[in-house]
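**Q** Those sequence lines, one after another, are chains A and B.
Note that the working numbering gives residue 322 to position 322 of the first sequence, counting from 1, and the numbers run on in steps of one.
Note that the working numbering gives residue 57 to position 57 of the second sequence, counting from 1, and the numbers run on in steps of one.
Mixed in with the good hints there might be a few duds.
Under the rule of at most 35 Å between Cα atoms (straight-line distance), these lysine-lysine pairs were calculated in the DSBU-like manner [unchecked claim]: (1) A/K332 - B/K111; (2) A/K135 - A/K124; (3) A/K332 - B/K186; (4) B/K332 - A/K186; (5) A/K332 - A/K135; (6) B/K135 - B/K186.
If you're looking for bench data, these hints aren't it; they were derived computationally from the structure.
Protein chains: 2
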Amino acid sequence: MTDGIFLRTLKGEATERRPLWMLRQAGRYLPEYREIRKDHNFEAMSLNTDVAAEVTLQPIDRFGFDAAIVFADIMSPVRALGIPFSFNPGPVLEAPLRSRASIESLPTPDKAEIAPEVPATLAKVRAGLEERAAKAGTPRAGLIGFAAAPLTLACYLIEGRGNRDFPALRGLLLSDPALFGDLLEKVTSLTIEYLRAQYEAGADVVQIFDSWAGTLSARDWREHVQPHLSTLAEQLASDGIPTIMFANGAAHLSPLYLSLPSTVNQFCWRTDLPAMRDLTGAVSDGGKVLQGNLDPAALLAGPEATARAAQAILDRMPAHGHIFNLGHGIDKDTPLESVAALVETVHNESSALA
Amino acid sequence: MTDGIFLRTLKGEATERRPLWMLRQAGRYLPEYREIRKDHNFEAMSLNTDVAAEVTLQPIDRFGFDAAIVFADIMSPVRALGIPFSFNPGPVLEAPLRSRASIESLPTPDKAEIAPEVPATLAKVRAGLEERAAKAGTPRAGLIGFAAAPLTLACYLIEGRGNRDFPALRGLLLSDPALFGDLLEKVTSLTIEYLRAQYEAGADVVQIFDSWAGTLSARDWREHVQPHLSTLAEQLASDGIPTIMFANGAAHLSPLYLSLPSTVNQFCWRTDLPAMRDLTGAVSDGGKVLQGNLDPAALLAGPEATARAAQAILDRMPAHGHIFNLGHGIDKDTPLESVAALVETVHNESSALA
C-alpha cells in the first residue's frame with residue numbers, strides 16, 4: 001500500500017490535494033466524544049488506552065481527516081518525575097519547582113516508565129488505522145504522537161498552574177538562569193525519551209506543542225530556550241523521527257521557530273503562513289513543510305465564515321508542502337456544520353491542483 | 001516653575017536623567033494601598049474621588065516617581081453606555097454585545113457623562129502635585145490620564161469577560177466585519193471624549209492601554225483596528241493632547257504600533273525597546289519618545305535581579321527620549337526593596353549623562 005497524502009507531504013512530495021487535520025480534533029465539539037466523556041473524567045480517559053484510542057479515531061471516522069493525533073495530556077510525562085498534580089480544570093501542581101534542591105532531585109526515568117499508556121494507545125490506534133485502510137482499500141491515515149515543548153512544560157512546573165505570562169518562570173530565569181537551564185535540560189531529555197517511545201509504538205511523526213512559546217522576548221528565547229529546542233529536534237532527526245514544531249502565541253518568534261531543525265512548522269492564527277513560506281522558500285527549493293493555520297474562531301462563526309476563511313488560505317498559500325490545519329485547538333462550542341464546511345472546502349480544491 | 005523631566009521628555013527635550021514611573025504603581029504591592037483596600041472594594045475605590053486621588057499619590061510620596069497615573073479602571077467609561085457589569089475579579093458583563101441590535105442601540109453619551117469621577121480625581125491629584133511641588137520648590141511631577149484602546153474595550157464588550165484569545169471577538173470579526181467596525185467606531189468616539197475630559201481636568205498626557213493588542217494577526221489588525229487607533233491618536237493630537245500608546249502582548253505588531261500618530265510608544269517586555277529606537281530613529285532626528293519596558297518579573301525576583309535587569313536596559317537604550325517604566329503592571333507580591341533598587345539604579349545613572 002502506498003503512503004497517504006499526509007505522509008507523502010511530510011516527505012516533501014507534491015500530492016493530489018492538501019492533507020487536513022485539526023488541532024484538538026478528538027474533543028468536546030464531537031457528540032460521540034461527549035458521550036464517552038459523560039462516564040469518564042479527562043484524566044481517566046487519557047489513562048485508559050481503549051478509551052483514548054477510541055476517541056483518537058472518532059474524528060477520522062466522522063470526517064475522514066488525513067491524520068490522527070493521539071489523545072493524551074501534555075502533563076502525562078510529568079507523572080514519571082514523581083511530581084503530584086491534579087486538574088482544576090487545567091493542571092495544578094502541589095509543589096511548584098522553584099528551588100535548586102527540587103530541580104536537582106528530579107529523577108531520570110527510563111523510556112518505558114514515561115506515560116506508558118500513551119505509546120500503548122498509539123499502538124492500538126495504529127492497528128485501527130491499518131484495519132480501516134485494509135478494509136477500504138485506501139492508504140492509511142497518518143498517526144501523530146506529541147509532547148509539550150520544554151519551555152511549555154517548564155511553565156507548568158515552575159508556575160504550578162496555567163497563569164497568563166508565567167511571572168514565576170520569568171522571575172526564575174532572571175534570578176538564576178543557570179538553574180532555569182538545568183530544568184530545561186532535564187525536561188528536554190525526558191521529552192526526547194517520551195517521543196522516541198511514541199515513535200517506536202507506531203507514530204509516524206511527533207508534534208511538539210509550545211503552547212506558551214510567546215512568554216519571552218526574542219533575546220531571552222534565543223539565549224535560554226532555543227538551544228534546548230534545537231537539541232530536541234536534532235536528536236529526534238538523528239533517530240529518523242520527523243517532527244512538527246508548533247509555536248503558539250509567539251508571532252514575534254515565528255522566523256526563529258522556522259529556523260529550528262524540525263521537519264514541519266505550525267503557527268497560531270496570528271502568524272501569516274504565506275509569509276513563512278516566503279521566508280523558508282518553496283519545498284522544491286528545500287523549504288520546510290508548513291502546517292496551519294485557520295483561526296478556529298472562523299468555525300465558531302459558522303459554516304459560511306469557515307468556508308470563506310479556509311478559501312482565503314487556499315488562495316494565498318501554495319499547496320505543495322502545506323498541511324491544512326487550524327491555528328489553535330477547535331473550540332468545544334463549534335458546530336459540526338462548520339467542520340463539514342472546512343472539509344468540503346479543502347477537499348474541493350483538488351480539482352484545482354495539477 | 002519649569003517643567004519636570006517627565007514633561008520635558010514628552011516634548012522631546014534631553015533631560016538630566018531619565019524620568020521613571022511604573023505601570024500599576026498605585027497598587028497592592030504598597031502597604032499604604034492595602035490599608036485603604038481593606039475598607040473598600042476595588043470598584044468603590046475608583047468611584048470615590050478622595051480615595052482614588054489618595055492612592056494615585058501614594059507611590060509619588062513613597063518613591064518620588066516622575067509621573068502619577070490616575071487610579072481608575074479601564075471599564076469605567078462603559079457605565080455611560082448603560083451596560084451593566086460587575087467584577088469577579090475581572091469585569092463580567094451581564095449581556096455581551098454580539099448582535100447588530102445591541103451594538104446599534106448603544107447611546108452616544110456627552111463628555112460630562114463619561115465616568116465623571118475620573119476627571120474629578122485628576123483635578124484633585126493635579127492640585128496635590130502642585131501643592132507638593134510648591135512646598136518642595138521642585139518641578140511638579142507629571143500627571144497621566146488613561147483609557148483602554150478600542151480593541152481592548154471591544155474584547156470585554158463582545159466576550160463579556162477576560163478570556164485569553166477572545167474567540168467570540170475573533171468570530172464576530174470574521175462573520176460580520178462591518179458590525180465589528182461599527183462597534184470599534186462607537187468605542188473610539190467614546191474614548192476620545194473620555195480622554196478629552198481627562199486632559200481638561202488636568203492630565204498632561206493620556207495613555208491608551210491596548211492590553212489585548214496581540215489577539216489578531218497583523219493582516220487583521222491593519223485592516224480592522226489600525227484605522228480606529230489612528231483616528232484616536234490624530235484627534236487627540238489635533239486638540240494638542242499628547243498620547244502614550246501601550247501595546248501589550250503584541251510583539252509581532254510592534255513596528256505597526258510605532259507607526260501610529262501617538263506621541264510616545266510603550267511595549268511589554270517581549271519587545272526589544274532598543275530595536276524600536278533603531279526603527280523610529282533618534283529623537284533628535286524626529287524619532288518618537290519610547291517608554292518601558294523592564295520585565296516586572298525582575299522585581300519579583302528581588303532587588304539584585306532588579307538592579308541587574310534595569311542596568312541592562314540603561315546600557316542598551318539611549319537616554320534621550322526614554323521614559324523608564326516596566327513592561328507590564330507591577331505584581332502585587334513585589335517586595336518594596338525591589339522597587340527601591342529600581343529607583344536607585346535609574347537615579348544613579350544621572351552622573352553618567354551629559
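**Q** Enumerate the violated hints, using their earlier numbering and listing them in ascending order.
**A** Structure breaks hints 1, 6.
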